[in-house]
Every structure is written in structure tokens, then in C-alpha cells.
Amino acid sequence: MSTSKGRITIREIAAAAGVSTSAVSYVLNNRKGVSDETRSRVQDVIQHYGYQPNINSLRLVSRRSFNIRIAIQNRSSPFHDFFFHEIARGVLEGSAQAGYNIVFCNLNNTASSEDFFHGIDRADTDGIIFFLDVDAVLINRVRQEQIPAVVIDGHDTRSDIVQVLADYRVAAAKATETLIAHGHRHICLTGNNLVKGYFNQVFAGFRDAIGRAGISVPVEWVLSDNDNEDDARSSMLKLLQSGVRPTGVVCASDILAVGVIQAVKSYGLSVPGDISVVGIDDIVLSRYIEPALTTVRIDKVRMGRIAVNLLLHLIGGSSAESVVVPSDDLILRDSVRSI
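Quick note on my numbering: the sequence shown kicks off at 1 and runs consecutively.
These are computed hints drawn from the structure, not numbers from a lab.
Just so you know, these numbers come straight off a predicted model, no measurement behind them.
Quick reminder that beta carbons are idealized off the backbone N, C-alpha and C, glycines included.
There's no promise every hint is true.
Simulated pairs of lysine to any residue, SDA-like, Cα-Cα distance not exceeding 20 Å [unchecked claim]:
| no. | residue 1 | residue 2 |
| --- | --- | --- |
| 1 | K265 | S234 |
| 2 | K196 | D160 |
| 3 | K265 | R297 |
Pairwise CB distance ranges (calculated) [to be verified]:
| no. | residue 1 | residue 2 | range |
| --- | --- | --- | --- |
| 4 | D230 | Q144 | 49 to 57 Å |
| 5 | S319 | Y267 | 21 to 29 Å |
| 6 | C105 | T21 | 45 to 53 Å |
| 7 | Q97 | D329 | 35 to 43 Å |
Could you build the full structure based on these sequences and the hints that come with them?
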């Protein structure tokens, strides 16, 4: 078979893979009905020749729009954008590889499910990916509309919707263990109990690590009312002004770590000279702040790619199970020292 890259037809793909044209169609539409071995052979040929399906033809044949909606929420800090930009990158890469378009839509916390669905053309939407938790009313409406949906970085483990999750308990334990391994025993936790499931995981991981090390932490050293870097700066400054002097701080996110570092500096102390700080997430900003932040990496791009893959399974009529990504990858930078 002689054909240039990108110009191959479905019939030629079938011939090269030794399968029927219908099998190729099943693979292109991510539908059940072919074996894993057949699917792999077809995908190898598609990748080798750089085949790009004609989207209009696929829409007619499959009765799909090849549009995925990404529902995002307004957050209280612009630094949250760093986190979700990386997730979005994974979503965009995964969807482009599958031949899908992405349509972003804003999911305000105050908007009703009616407001959200009013702006959605069901015939032009194959599935929805939600960033963060969504309320039960909205989830029930998604089910009523029979729209395939996946939640990324949600924290409601009781929900039966398919999710892509980070294990913040493991991440918090790793962050705490890092301080303990550097000799720290006077350790403070900065978190956000406004998102209960998230904070519960972080606190559980913190408690696991200090418990294994035989360390007790006063309840006032758990700073839980922090939604953004300004909150973290304020609560940490208040703690220091009360005469409390931890040697290390575990932050539930890099965003909160930014505020903690600001507070320590404004109080006339240094990081890590006086207080060591560890974050969770490894957003891009963490390597550029001063000092560069030691943090536990959450693979956000991978989360985005996995979410697209799960959603495509649901769109194709297959079942899908929630996925928890590994969350214990320590990135050791300059904000921690041994004592």
C-alpha cells in the first residue's frame, strides 16, 4: 500500500491492519465490539500514517457532535488558574488525539442547574468534564439528561459519578514525613476546611505521619480556614504574633504555601532558615517563588488525559471506573532545611 501520511482512507487502514472497515469504524468511534488486540492494531496503523478523520463525516455516521464541554468554577484566587491550566492541557491533548473539540463553559457556584443546562445544546454535546466538586442537584440533572460526565479533582468520595482523583491523604503524609525526616517536630498544618472532603484527606494524611512519628500537635496549630493565599498569610501571621513558633509548615496546596511564606517573611523570619515550608500540587509557580517551594507533585496533565479517556468510554457506551492518580512524588527544592 502506497499512501502519504495523513491521506490514508478507512478502507486502507482496514487493509493495513487486516480487519474490516466496520472494525476501524468501531475504533474511531471508541465503541465496544472489537477485541483489544484488534483495537491496538488499528490504532498502530492510524498513528503510523497520521490519519485525521473528517469530522463532518464522523458526525453524520456516528450521530455525535464530537464536542466535549469543560465546566469550570470561579475560584477565590487567580493562582488556582495555574492548577487548572495544567489539567486543561491534559484534557486538550487527550481530546485532540481522539478528534474531539473542547468547549469551555463557566459554572458559577451561585448558578442553578437550570442556568447551566439552558446554555447547553444537548445535540451539540457528547459529554461534560467538571473541574472540582459539583452539587448533587447538578449531578442528578446530568443523569436525567443522560449526558456522560466525569469529575476531575473532586473530593466527594461518596459520589457514584466517575472521577479522576488525587490522593491528598497520601500527599499530605508525604509532605509531613519530609519535614520529619529533616528533623522537624514542631509542625503546623495550613488547610481549607471550606472543601470538607479535601481538608479531611489532608488532615488525615498529616495525622497519619505525625502519629507514626510520635509527635503531638496542638489543635491551634491546625489552621483550617484558608481558601486562598491571602487567608493563609493572615492566619499564619496571627499564629506567629501569638508567640507560637513552628519550625515547619505543611500546606494543603502550593497556593496556601505562597501566603505562608509571605507571612513568615513579613514577620521578619526567613524560609527555610527559621521555618521550613512544604506544599502540595507542584504548580508552575512553585519553582519560581523565593525560595523555590518543596512540594508533593500531583500529575495534573495526566489527570486531564485520563478524564478524557474515561469520558470517551462512557460516550461509547462502555462502563468506566474512577481513577486515583499516584500522589507521593516529592519535589525537593529550597524551602526545607534540616534542623
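Hint-by-hint comparison with the structure:
no.: 1; hint: K265 / S234; result: 12 Å, holds
no.: 2; hint: K196 / D160; result: 18 Å, holds
no.: 3; hint: K265 / R297; result: 25 Å, violated
no.: 4; hint: D230 / Q144: 49 to 57 Å; result: 39 Å, violated
no.: 5; hint: S319 / Y267: 21 to 29 Å; result: 53 Å, violated
no.: 6; hint: C105 / T21: 45 to 53 Å; result: 36 Å, violated
no.: 7; hint: Q97 / D329: 35 to 43 Å; result: 24 Å, violated
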